[in-house]
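Novice: Next come the chains, spelled out residue by residue.
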Amino acid sequence: MNAAIDLKKLVDTQRGTLSPLIYSDPTVYQIERDRIFSRSWLFIGHESQIPKAGDFFTSYMGEDPIVVVRQKDGTVAAFLNQCRHRGMRICRSDLGNARAFTCSYHGWSYDLAGGLKAIPHEQQYGADFDRDAWGAKKIERLESYKGMLFANWDLDAPALVEHLGAATYYLDGLVDRLEGGTEVIAGVHKWIIDCNWKMPADQFVSDMYHAASSHISAIEACRPDDYDPAVHSMDQRDGMQFWTDEGHGGGYFHSDAPNPAVWLDPLAKAWLKDTFEEARARLGDHRAARVSGHNTLFPNFSWLNGTNTIRVWHPRGPNQIEVWAWVLVDSKAPDEVKNAFRRSAVRAFGPSGMLEQDDGENWVEIQKVMRGSMAQSSDLCYQMALGAPEQSVEGVGGHHGPLFSDMAARNFYRRWAELMNTPAPARQSDAVQGQGSCGGKND
Amino acid sequence: MTEPTTPPYVAEGVQIRIQQFLAYEAELLDDRKFREWLALFSDDTQYWMPIRSSRPPRERHLELGAPGTLASFDETKADLEQRIRKIETGKAWAEEPPSRTRHSLSNVRVRMQDGLYAVRSNMIVFQSRAERDEHWFVGERFDLLEEDGGPAGFRIKSRKIVLDQTTLLAPSLSIFF
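Chains X and H supply the protein sequences, listed in that same order.
Per our numbering, the first sequence starts with residue 2, numbered consecutively.
Per our numbering, the second sequence starts with residue 467, numbered consecutively.
Same shape as in the complex, but just chain H (with noise of 0.2 Å):
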């Protein structure tokens, strides 16, 4: 991982912000205000997830697939429009009848990169299907931020998202993280 690891103190009023922007954030989301969720982001952002797999030692750091290789999203500000109008379909058969889903994030450290936010958090992500079914995301969120002067008060110029699962233990990634 290229992140700064750096300690990662900013001040405390940089960091209230952002934590409530994250807030905002995973409210929109867990309302299903997509199209707000969507407006968070910048117009060239990038959205991945990449797959994991377990190495042997000297090959750990290739844990997380590269840049390039198959990942689990990998989208555009635009293809994930697209996700949302599928959803807005009200025919999207895995969000029909729609997830109930809960986006918790904690441990948010935020580091100063080239005049962004370089943000960590982890992650819970709760979603609750049809009668009984339900599946848990954990992981962690890596996220460029930038100061955008609007009512959030930030962009999201770039998320990184990384489960804690290799072979992931769910039939689908219908939600957004």
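So here's chain X without its partners, still in its complex pose (with noise of 0.2 Å):
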């Protein structure tokens, strides 16, 4: 533990720099636990993997495990997955269908809500003992976003579209861009890096540079017949960065025609170009024509356009993060085309992704650097396109900037600092109880 440290100089935005004690060190990380993950909305799956009462999955906010279940009235809840009792994980499925969930130690008995419904040798625990009270924790903030789950601990968040914020724009450009929306292909990737959480988070809000170099074995082994460096290039075409208050952000190549990513199967390329007119009548010009590019959400949600992998980075500790990862599809595609962007995804991202396979390696390499004493004593440089002028996009809210910058990455690290700087109020009683639970399906 490094009781010296100064949150206050780990970022400055000013001059571009990071320390980067923010991803090594074990007291930001600890603080992080309680300032930034225990009162963010955290994205926690999609409705698509429960369309049936009792569905359920496990999944983490952050390092606390949770279940999410389909309730017997269409609604979703969930509930942190710890027995009240002597603290052991009610849970040990990823998935499934269930009437009740039964703790394996001494068999307290939940609800699909995480309600204490029955206990064995109640009797003994005399006649004041108040059952209700030693439900699971709930998880009283949770709200769908056109299917996609999102959860957060702090009772008096924001809404989630108002933390949302500016990024919705684009989101909807991922989630809504046909009509009857998007859901996930059965089956998630998870696996372990062993590197700080922000690492992948700050690369997939800023970072379209690092594309060229980092992936250019896979984009050279992808590369088309028609090869032609103005519509296939990582590093010679143009584009934009967006960034908005809440620490979102996400950059794209410009376009005035779906251009889609060259390691996507043709099927996946042909629905993208085919579908361009409805989606151009849907979202308008700009972001119709984005079906590639990089986005995070505040804090540890990301996404890539096109190739529509869609992921978390569970921290870990300081030093290692769990990736799940989803495949996302236009619901009203055909099961070939859904074939294809599954393919895609999985030969592009997720644990043997062509593309995955190198960030995974940078991240590592860096994690294990950072354990020197010069290393982490020197400032790291987030200094491209420092100072230059906004841009700005007709009608679209947030901020804009050039593509290759690290204009998102110092705002993602602005807001990262401004919620560590703050301290977290005090935990909620365990007396308050409620029910966590969101709209029906498609709410």
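Check each hint, because a few of them may be wrong.
Claimed, not checked - Pulled a few chain H residues facing chain X out of the computed Cβ check, cut under 7 Å: (1) Ser519; (2) Arg521; (3) Leu536; (4) Arg551; (5) Lys552; (6) Ala558; (7) Ala560; (8) Leu639; (9) Ser640.
Claimed, not checked - Straight-line alpha carbon distances no greater than 20 Å define the calculated SDA-like cross-link-like pairs of lysine to any residue that follow: (10) Lys9/X - Ala418/X; (11) Lys557/H - Met235/X; (12) Lys333/X - Gly534/H; (13) Lys191/X - Trp514/H.
Just so you know, the hints here were simulated from the structure itself, not pulled from any lab data.
Think of the CB as a built atom: it goes at the ideal place given N, C-alpha and C, for glycine as much as any other residue.
Since each chain sits alone in its own frame, please combine them into the complex, following the hints.
Specialist: This is how it looks when you write it as structure tokens:
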């Protein structure tokens, strides 16, 4: 533990520098758990994973395990996956269908919303025992944005749409591109990378710059026969970055027409082109042509348009993450098109992904280097496009700047530092109980 | 799983030839002779590593992801060739410097299935990377082999790789299985 750590000196967005301690220091991580992950909207999964009453999946909010369950009335509820008796994990399946959840330790049994239903030898607890007070800790702030489930421990947090802010404009370009919306392919990629959670979040918020160097081998291997730098290159095209006051951001190439990434399956590319007119009518020219690009919603949810991978960087201490990645598809697409997106995402991203492999390699090596005393005390350079004027996009909120810049990253760390420098309110009393639920499917 | 479960007894000569084939294939991978390795697959081959998950007892049969769900690998022969091309650029950073691998196959069980050999084998793959990274991939392979009369004797019609992990404890799958 580094007791002398000064949070205010870790991030200097004016000068464009970061202290490597934000990635490696255990004290910083402890503070992040309370000040970032205990009061941010965190992506926990997708409604299409649990269509029927009793369907559930387990997930995480930071390091806290949770259970997410479709209720009999069609709503979704979630609760901390911890028995209130001795702290045992209540549900140890990744997904399934259940009528109740019974703790394996002493048999305490919970209903689909986490309420304590029955306990063996209850008479031994006496007449004053209040069974209702010992339900699993409910997640009272749970909201769906067009099928995407987000949860927040902070009872005073703003509504989800307020937190998404100007980023909803770009998020809709992914999840609401066509009539009928989106759903996920069954299955979640889960794997670990020995790096700090902010490295991938930062890369997806602001870093198109790395692609031409980090992913050069995949881009060369996928290079089409009609390769044209003005259309396909990762570094010779221009584009824009966006960022919002909440810390979200992303980047994309300029395009007047849908220009899918070179690694997509031909059927997936054709779908993006064939549905362009419908998307343009729904989204307008600016978003409709944006069929590739990188994005992060603060703090740890990212996606790639076109490739349609969506993922969470779950923190596992300062030095490790658990990546959970899904593939999102347009609900109304024919099965063979959904399959083409699935295969494209598996081959490009995910643990075996030809592009994803290269990212992990960078982050793992950075994290190892940061064990050193000199490495920890040598500031990192976030000065690309420092002082560059903001650009404006007519009718689009938030902020915009040049694609190859650290502007969205500086904004991400500005927001991070702001939260880190604001002490978290005292934990809510356990006596506060309520129903954690949100509207029905597609609400 | 739809694989046959009758006792895996075939003629001793066939058993030995198939074990030799699998050892030869592993040698090509560990020697990083990826093009020669790929030549052992049929043109219509399927190379698939489904995802595994923990399920409640009565859903145990769904533990392995079905075809069409998210997978760790879902490849045609052309897809595998593209992965080899990536490595051959010398700029595939997860394989540059290259992984040092050791593929060990054991418990080889051979059954006849529609004129093909359905071969199950246990797999332990060790991967050493860079200075001191190491990863173990333990699981089972389900291969369909056909006699092809060529120098290697067989061709791989399909391969399913099942790892004994749900959450993968490695930063990437940059090697072949």
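Novice: Now look at each hint and say whether the structure bears it out.
Specialist: Verification of the supplied hints:
| no. | hint | in the structure |
| --- | --- | --- |
| 1 | Ser519 | 4 Å, holds |
| 2 | Arg521 | 5 Å, holds |
| 3 | Leu536 | 3 Å, holds |
| 4 | Arg551 | 4 Å, holds |
| 5 | Lys552 | 4 Å, holds |
| 6 | Ala558 | 4 Å, holds |
| 7 | Ala560 | 4 Å, holds |
| 8 | Leu639 | 4 Å, holds |
| 9 | Ser640 | 5 Å, holds |
| 10 | Lys9/X - Ala418/X | 7 Å, holds |
| 11 | Lys557/H - Met235/X | 16 Å, holds |
| 12 | Lys333/X - Gly534/H | 17 Å, holds |
| 13 | Lys191/X - Trp514/H | 17 Å, holds |
The structure is consistent with each of the numbered hints, conforming to all of them.
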